[in-house]
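Those protein sequence lines, which keep their order, are chains Z, S and U.
Okay, so the first sequence: first residue is 7 according to this note's numbering, each after it adds one.
Okay, so the second sequence: first residue is -2 according to this note's numbering, each after it adds one.
Okay, so the third sequence: first residue is 147 according to this note's numbering, each after it adds one.
In silico lysine-lysine, BS3-like type, Cα no more than 25 Å apart, as pairs: (1) Z:K29 - U:K309; (2) Z:K20 - U:K271; (3) U:K283 - U:K271; (4) Z:K20 - U:K283; (5) U:K234 - Z:K135; (6) S:K198 - S:K32; (7) Z:K354 - U:K309; (8) S:K245 - S:K141; (9) S:K32 - Z:K135.
A partial selection of chain U residues facing chain Z, derived with a Cβ cut-off under 7 Å: (10) F236; (11) R240; (12) A251; (13) E254; (14) G255; (15) D260; (16) M263; (17) T264; (18) L267; (19) N268; (20) Q277; (21) A278; (22) W280; (23) A284; (24) E288; (25) R292.
Residues from chain U shown here face chain Z by an in silico Cβ test under 8 Å; the list is partial: (26) S213; (27) F215; (28) P235; (29) A239; (30) A244; (31) R245; (32) F247; (33) F253; (34) M256; (35) G265; (36) T272; (37) I274; (38) I279; (39) T289; (40) A293.
The hints are simulated quantities; they were obtained by calculation from the structure and are not laboratory data.
By construction, the Cβ of each residue, glycine as well, lies at the ideal position given by its N, Cα and C atoms.
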Amino acid sequence: MLYRESGDFSETYKADSQTFPIKFDRYRYYAVLAFAFLVIPFVINDYWANAVLVPFLIYAIAAIGLNILVGYCGQVSLGTGGFMAVGAYACYKLMTSFPEVSIMIHVVISGGITAAVVTIFGLPSLRIKGFYLAVATLAAQFFLVWLFNRVAWFYNYSASGQINAPDRTVFGHLVTGPNTEAWAKYMICLVFLTVAGILARNMTRGALGRKWSAIRDMDIAAEIIGVNPLTAKLSAFAISGFFIGISGALFFSVYLGAAEVGEVFGIQKSFLVLFMIIIGGLGSIFGSFAGAAFMVLLPVLLKNVLVGGLGWDTALAAHLEFVIVGALIIVFLIAEPHGLAQLWRVAKEKLRLWPFPH
Amino acid sequence: MFPDQFLFGVEVLLNGLMAGVLYALVALGFVLIFKASGIFNYAQGVMALFAALTLVGIMDGQVPFSHLINALFGTDVHHFGWHVPAFAAILLAMAVMVGLAWMVQHFIFRHLVGQEPIILFMATIGLAYFMEGFGDMMWGSDIKKLDVGIPQGGSFWIEEATAFLGGSNFYGFFIDQLDIVAAVVAVVLVILLVSFAQYTKQGRAMRAVADDHQAALSVGISLSFIWVLVWSLAGFVALVAGIMWGAKSGVQFSLSLIALKALPVLMLGGFTSIPGAIVGGLIVGVGEKLFEFLIGAPFLGGATENWFAYMLALVFLVFRPQGLFGEKIIERV
Amino acid sequence: MFDQAESFVTPDGRTIGAVMMEMKNITLRFGGVVAIKDISFDVREGEIRAIIGPNGAGKSSMLNVISGFYHPQEGEVWYKGARRPEMKPFEVARQGIARTFQNIALFEGMSVLDNVMTGRLNHMKTGILSQAIWYGKAEREETENRAVVERVIDFLEIQHIRKTPVSRLPYGLKKRVELARALAADPKLLLLDEPMAGMNVEEKEDMSRFILDVNDEFGTTIVLIEHDMGVVMDLSDRVVVMDYGKKIGDGPPDEVRNNQAVIDAYLGVAHD
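In isolation and in its complexed conformation, chain Z is listed as follows (with noise of 0.2 Å):
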């Protein structure tokens, strides 16, 4: 009873369609956009910022890009760490070549670009298939992050190698480079990935994501009733590329401020965004959310509990959480592989009848 969608009818096709049909969910959809619009940015603070919001937000973004490529494509990409450093050092290399320029755009750009980049590598696709496509996006992994580590051009030449992020401000306000406030970190963010899951949920509702579904679900099939595998895959490579670019030049301009990319943008990075979209849920904007919220509170909560109080060793927390995580993977793709957007689905189907469950 307490949450209701009798007496909720859809009267136009339009009205079917729209994202959140139900009422409730449509007000709880502007409620949390709201608090996190609102409210959030006067009561942050560093650490909330630093150690949760932000990273949140920012691999969210990833996850979103990921999803629509792994989730609904059904194209599984080891790269998207690698993907990442691309929009970061492209979003440095725009940042220091034209410091002029507004860092929105900036970011913008970088997500081109890194959609360029990723649809070549995107293009193995139309010839292989599963885990061979898996394996062959690993090149693209190691390729780039061997590319940005060894050509000195992408780092300006710079000493250490590292990449950092001169500040830029967006009205007036400092938004990357040491000293910005948490709150502008947060908000820049925030803006981003509200706009990235609007753009995903509309493109994954309509033809384009039924397409990408077709694909995923029997490509075979999909070919016969007219979707053309070569522009459904490749679009998905490259919008998939687009958000991921995003958030890549997010997390070092905005979050990092400063960064060498075989530390920040390895193998584990790929792995840690495939883990949030199977965790979170394949195929699912929600999911999406869901799983950059789970991956990026676990170690905080898991450093909290055992480091903080039970005065363990960091090393040892740390391989905890490998094992915690490993094990999640394999016990949610066996008990639920759409993972918690679908826990989170059966929980609204109980909670509609609650609490009068016959």
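Using the hints provided, position chains S and U relative to the given structure of chain Z.
Chains S and U only, in chain Z's frame:
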């Protein structure tokens, strides 16, 4: 007399062949599991790391999970204070790998029978993560030295015997004895595995399962036994590979990444072919060393070995998706 | 009954038009195996054309040739008066040819509605950017196509399962959803690969009725493969009989029924 540059090239080639043998060895582990169960085991590299960690831990008499025990109970235990001889330790490590195989089958893949290959693949990524953390928790994450008595360092005999080929700057081919031992072991292992598959009852059952699960079931072969068997064999191969690599460059996380090179090896050789794994391994080993020597180091700033194998496999796959020895796939609707 | 006349009216009052598709001397090989050997036949506009034959006769391969999934080594496909160059399956689909599959090929991860909507993909032309923005062009297109799809859903009487994931449907309904997906594409030529395989009598009757209605109401030309001889004889205007990749008979049901080669093929006469 040959020009020195040419002879250096030949030396690189020989070293590449040696490295390739090791790649082939790990690739074999993949092929075994893939043939019998259709699982593309991403965790094979971490299995090699885990096997090597276990071996070192047993040899040094480390207390398993000592950090965890100390953190939980406030104790300060680290070593039992004994040393286990290499041979016995290898047997014990093998027993651990068999136990691991049973657990993997019992707790994971038994529940995933009939799932799509890509789901199984992602499960092995989860397994890799789990084992990495588990291994570190069990034995600690510091870099360890592994010495099971394999000779190391350049082979003087080969150097002296080949010095005459070049000019005064050429001192003969430098080939690590460890690599030679590794190559010999790998060859022996391949012969053993192939004859096991060909001539024993279990081997025949294994091949039957590889061919057709349903048919194998219907003639009374226990699938779960066969799967534990192949995971154990893969664990054995991982142990051997872990010993070779661990002896060469220490037992540490990067070992599992080197072992990952077996993936492109497989893509070249085809996932179901044992000869493919060997030829693919040699191509990758020689290819990446020669590429680094001829192009990578002089023109591209070096360290191209990190990606060369993957790029080669990628380009290759685009033109021949089934690999060198794989069967051509006819699609049906 | 079937001469070279441009068009004529059948006894039950339907108009059969001119030749729409013509297969000329098609030969298809897989390595050394000859799946189809030198087969020619035509399909006229508005007719129901059946292909029958024992297992392994090459019927499905023939359908796959029509839909562009296999490319014959020899022979030509003529469609709407022009020779069709070698095409990819999706290009064939865009020419107005839709099909169903012998082993149901629905998109298991999607709902019935989404599955049927995929049939409209060739009619939806909005670019990626408009879709990302959604409001305006994309939404309008979605609504228009949804209306078409809802008509098909009504027609096939699957309204009640609209939002059900197809993976939860029983076999018979899945077959119907697959037909709905093909119909949603508004095809000129509909290929049905064993639409009634594995169905009980009642389901077969339903399906036969739908096939006749589709042909009657929308004037869709249909090529179908079927094992159930009774159904084939009742439904089709003309029948091609295949055996071992060769054509052994072609004509109206009654004529084919009495063809000695056809009887031999079905009753099993030793091949030499």
